[in-house]
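Novice: As they're listed, the protein sequences go chains V and R.
Just add 101 to wherever you are in the first sequence, counting from 1, and you've got the working numbering.
Just add 101 to wherever you are in the second sequence, counting from 1, and you've got the working numbering.
Do not rely on the hints blindly, as some may be mistaken.
One copy or two, it doesn't matter: identical chains are merged, so the pair holds either way.
Stated by the list, open to error - Cross-link-like lysine-lysine pairs, in silico, DSSO-like; alpha carbons within 27 Å at most:
hint	residue 1	residue 2
1	K103	K278
2	K381	K278
3	K581	K103
4	K278	K384
5	K121	K424
Read the hints as simulated data drawn from the structure, not as lab findings.
Number of protein chains: 2
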Amino acid sequence: MKTKLRTHTCGELRITDVTKEVVLSGWVQTIRKMGAITFIDLRDRYGITQIYIDSKAEYISSLVDSGAVKMNDFTSETAIKDIESLTRECVIRIKGGVVERVNPNPLLDTGKIEVVVFAIQILNRAITPPFTIEDETDGGDELRMKYRYLDLRRNPVRKNLELRHRLAIETRNYLDKQNFLEVETPVLIKSTPEGARDFVVPSRMHSGEFYALPQSPQTFKQLLMVSGFDRYYQIVKCFRDEDLRADRQPEFTQIDCEMSFVEQEDILNMFEGLVTHLFKTVKGVDIPKLAHMTYADAMKYYGNDKPDTRFEMKFVELTELVKGKAFKVFDDAELVVGICAKGAAEYTRKQLDELTEFVKRPQIGATGLIYARHNADGTIKSSVDKFYSEEELKKWSTAFNSQPGDLILILAGTEDKARKALSELRLEMGTRLGLRDKNKFSCLWVIDFPLLEWNDGDPNLLASLAGRWHAKHHPFTSPKPEDIELLNSNPGAVRANAYDMVINGVEIGGGSIRIHNKDLQAKMFEILGFTKEDAQNQFGFLMNAFEYGAPPHGGLAFGFDRLCSLFGGSDSIRDFIAFPKNNAGRDVMIDSPSMISDEQLNELHILVKETKK
Amino acid sequence: MKTKLRTHTCGELRITDVTKEVVLSGWVQTIRKMGAITFIDLRDRYGITQIYIDSKAEYISSLVDSGAVKMNDFTSETAIKDIESLTRECVIRIKGGVVERVNPNPLLDTGKIEVVVFAIQILNRAITPPFTIEDETDGGDELRMKYRYLDLRRNPVRKNLELRHRLAIETRNYLDKQNFLEVETPVLIKSTPEGARDFVVPSRMHSGEFYALPQSPQTFKQLLMVSGFDRYYQIVKCFRDEDLRADRQPEFTQIDCEMSFVEQEDILNMFEGLVTHLFKTVKGVDIPKLAHMTYADAMKYYGNDKPDTRFEMKFVELTELVKGKAFKVFDDAELVVGICAKGAAEYTRKQLDELTEFVKRPQIGATGLIYARHNADGTIKSSVDKFYSEEELKKWSTAFNSQPGDLILILAGTEDKARKALSELRLEMGTRLGLRDKNKFSCLWVIDFPLLEWNDGDPNLLASLAGRWHAKHHPFTSPKPEDIELLNSNPGAVRANAYDMVINGVEIGGGSIRIHNKDLQAKMFEILGFTKEDAQNQFGFLMNAFEYGAPPHGGLAFGFDRLCSLFGGSDSIRDFIAFPKNNAGRDVMIDSPSMISDEQLNELHILVKETKK
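Bound-form chain V, shown alone (with noise of 0.2 Å):
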């Protein structure tokens, strides 16, 4: 790491290295002075060394005296006097020697020495920073973002990024060994908006039309399959124009990946290899075998199609047991349905309101909470008693297998709405009782997803293309060859050769085995609602290429961001992401998006539209 200026990091130095003369740069991580002495943490990204003036040049004098350091060449170049100047965070260089530090700082790699500052020269000055650069912060997320640069000097910062590094490089290794191949695909392409919205870029050579930048290279990759590539990878950015939900990211990075001549198991086999090289090499992890979960049992297990399986607490159906005892709200709903939390009967009134607030919460959407208490003498209280003996109860009991200290909790409403506000109680419960431990991982397949769902108006679609089959994975997603002949009785019952790789409740990664047959994609375009011409206008190239001798092929796709962020213990991908944007898909640093010139829009052939005042 030796430069011109610097021969050693400020993570370097040990106690092999006393009596060597030493050049460093960094950044003044805090300052302490006692006197005529000052003490300089010195940092830079390899670590911290403590470095030591003495403003009088006494103590230097005494080293050399003593010999304790050897000094070749002792320079003024810059006054030491210069230090009464210096500030946290300023960029300066130093001379000096490295001794034995008389109180060593076991929490610093350098602790056992210091550097005596024989020379010092100020490289850069620096104005007070807005917000502290520690590993705790005083600065909120929006001015943290405006000072990116700043931000990114803090240690949990840099490591988030480092960890990104080696997530990186770990899974080339293990590609590579693969025999995948790393081929590069285009980033200005063709809008097909039949999935998300695309990014388009207007083109100044050809008036009036655009590129789009991609959503994914599917197409791309697939067209390498027919070319023969057989195994294909690349991490690469992708970009969706969504509305942004919570870390959300308009644009954002996947490992994606393409295999031919396999079948879907061996893409689980391969990813899940992945996975589990991941763990090992990078967080020392050994994970075990990854179960495989349809996507029917999911929702009827978890509701919920990327299920925390950190712990159990399974949802148990109770619509047959509970209907005719005269209780309206389970007589009247299509789903009764329930969880058993461990331990939980102890849970206080005060507790159970709030649950039962959770779940009434509008995002959520149940109207009401029923719980049953298993106490510890072994009765069962509900909070619908007068509609259940204590024998009902037992009856409860026994579909939960649940135990005394245990809590029931119960929705009933329609099977969609009860599922998806059971799910939500469930996570509650989890983190409630400290079952979603970030050090733990627990991953599985989810497989067998349908192939269409209905699009009631997504908002996250174009409007045109509500009320109609939506693919649930992509349009060039296999249906089970078993399911193809309901391809037009019935789309929705379709299930797809599709898979999501699930890890502690996230959707990591998923892909499908795809269509490689010209006839089946243009009658899965069909069922989509395209006509012949706009399936032939937007996908032809691939439909053709299907003529020219396709193999068998499928992959998948994980999200880079997401792998990290998880990686790293954080639910936010943000975190991972160097220069990420807002919620409002700006980055407030450079002040982006923003206007360009009119030179520039006459250019493009375009204009802006006047906004609406």
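Given chain V's structure and the hints, the job is docking chain R onto it.
Specialist: Same frame as chain V, but now just chain R:
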């Protein structure tokens, strides 16, 4: 490589595999029928395996009978007679037994074996490709671009992308070992069209505002240095909306690097190390230590800031020597300059006429060519003998250090034009004399570039930037400290701490030491014609960052596409890009750019201007 669909690849089987039962999948490369017997070369990315089908199954029976192959589960799931309908490029899967080949093919890694087919499955049929899928194809450029997925099947094209993959891996290996961190910078940034034109992206959420695609991650990597990242790299897509010259692409890939606490020499050493590593690991070539040549010398001796130094043939200036002999062309010229082409004295009149035509082409623009033959007998004969005596010509010979057998070629004119034209002539002579061998590599650093150049109206810049100083490298490049005082008095004379790596006459990479001081950066913007407001509006974030402790830093970027083409021995970068665009910036395969819907335009708050009829 074992999957459900194959036990081995088509490049894998060896003599030691004989008697194994195998399953292979791949493309039909060739079909040769010999009566009831059909030979197929089965191809995948890994190689070719000859398979052998006996439609009467007599041969198979005899092999089984003799014990030459084991046959565990002969199936007739797909009748062997299906092969009658097989065509080239069909995708098939076969089960068979490995046998030793009677006539081995030494050109194939699998040439000692063949596979006798027990069962065959046609995975996908192929219609006739529009050009032959062979190393030498009959397809023209546009046709192959349109069917790029088929062109990518050809060995030479696939090998180019494999080379690219390997160069990326070795680049990362080297930089990782040198403690560089790979950090992804954003793609949706802000338009700052002081360099080339930006591609822009209209924002849906912020009416009338636009993102821009990065021409390079320049400001972000500098901010990472301000953040203390110390060593950064990225293999990253960049974008430039240029009028495409031959072999430019609107999107291209850079190896982008930046380092802190360095001087120019540190950077040159670090990246000389990278290129040395790449030549060694990828091509097995040891390159010598790189020469450093100043920009001034490059222009003086080669008329070019990216000299091809595989051969000497340096410029010799004759201006003073040749004046005053009544030859008006020389007398009127600002510069008379020539080269000595070793061993070309025997050039015929026709060849010399060709050279004259060459330099008179409009894109070169010389008005004529003067030559002098240094004959084998020691005499010197020139095309201007009536003005110059044998005595005078001897002086020319001395100036060029010409030997018997050499040809002296001289141009005259204005300084700039004469040098540029002679540079072209030198390269032409290098080519004609076989001095530009693609397997020989001559690498050097060109240093001390001018900081600024005058923009007379560069068509690749916005018209509004004409008549101003323009940054030769970019506005963040540091002037040489000793030249800073010239910034006001003589901006054109200021040299920069900027450098290019040139290999075989191609600029492979370039960079600079950056400004890290707010005032100097502001001064630079002023010289470039920015108002204070414009500078603050476009680059305020960077100048502000410099106030919080910015370290000295610098870096460079390699053109990765160009590097790949150099390593691949090609002049075209397009051959090394999976899905390139044509010279009109169009992807003819997917037909992009293209129109987008009114619904999309509406949501983006833009209108397309009526095109002129």
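Novice: A separate judgement is required for each hint: does it hold in the structure or not?
Specialist: Evaluation of the provided hints:
In this assembly of identical chains, the alpha carbons of K103 and K278 lie at most 27 Å apart only when taken from different copies (14 Å versus 33 Å within one copy). For the homomeric pair K381 and K278, the shortest alpha-carbon distances inside one copy (16 Å) and between copies (21 Å) are both at most 27 Å. With identical chains, the CA atoms of K581 and K103 are at most 27 Å apart between copies only, with a shortest distance of 23 Å across copies and 59 Å within one. Taking CA atoms no more than 27 Å apart as the test, K278 paired with K384 passes in both settings, with 20 Å inside one copy and 21 Å between copies.
In this assembly of identical chains, K121 and K424 lie within 27 Å of each other by CA distance neither inside one copy nor across copies; the values are 84 Å within and 64 Å between.
In summary, the one numbered hint that this structure violates is 5.
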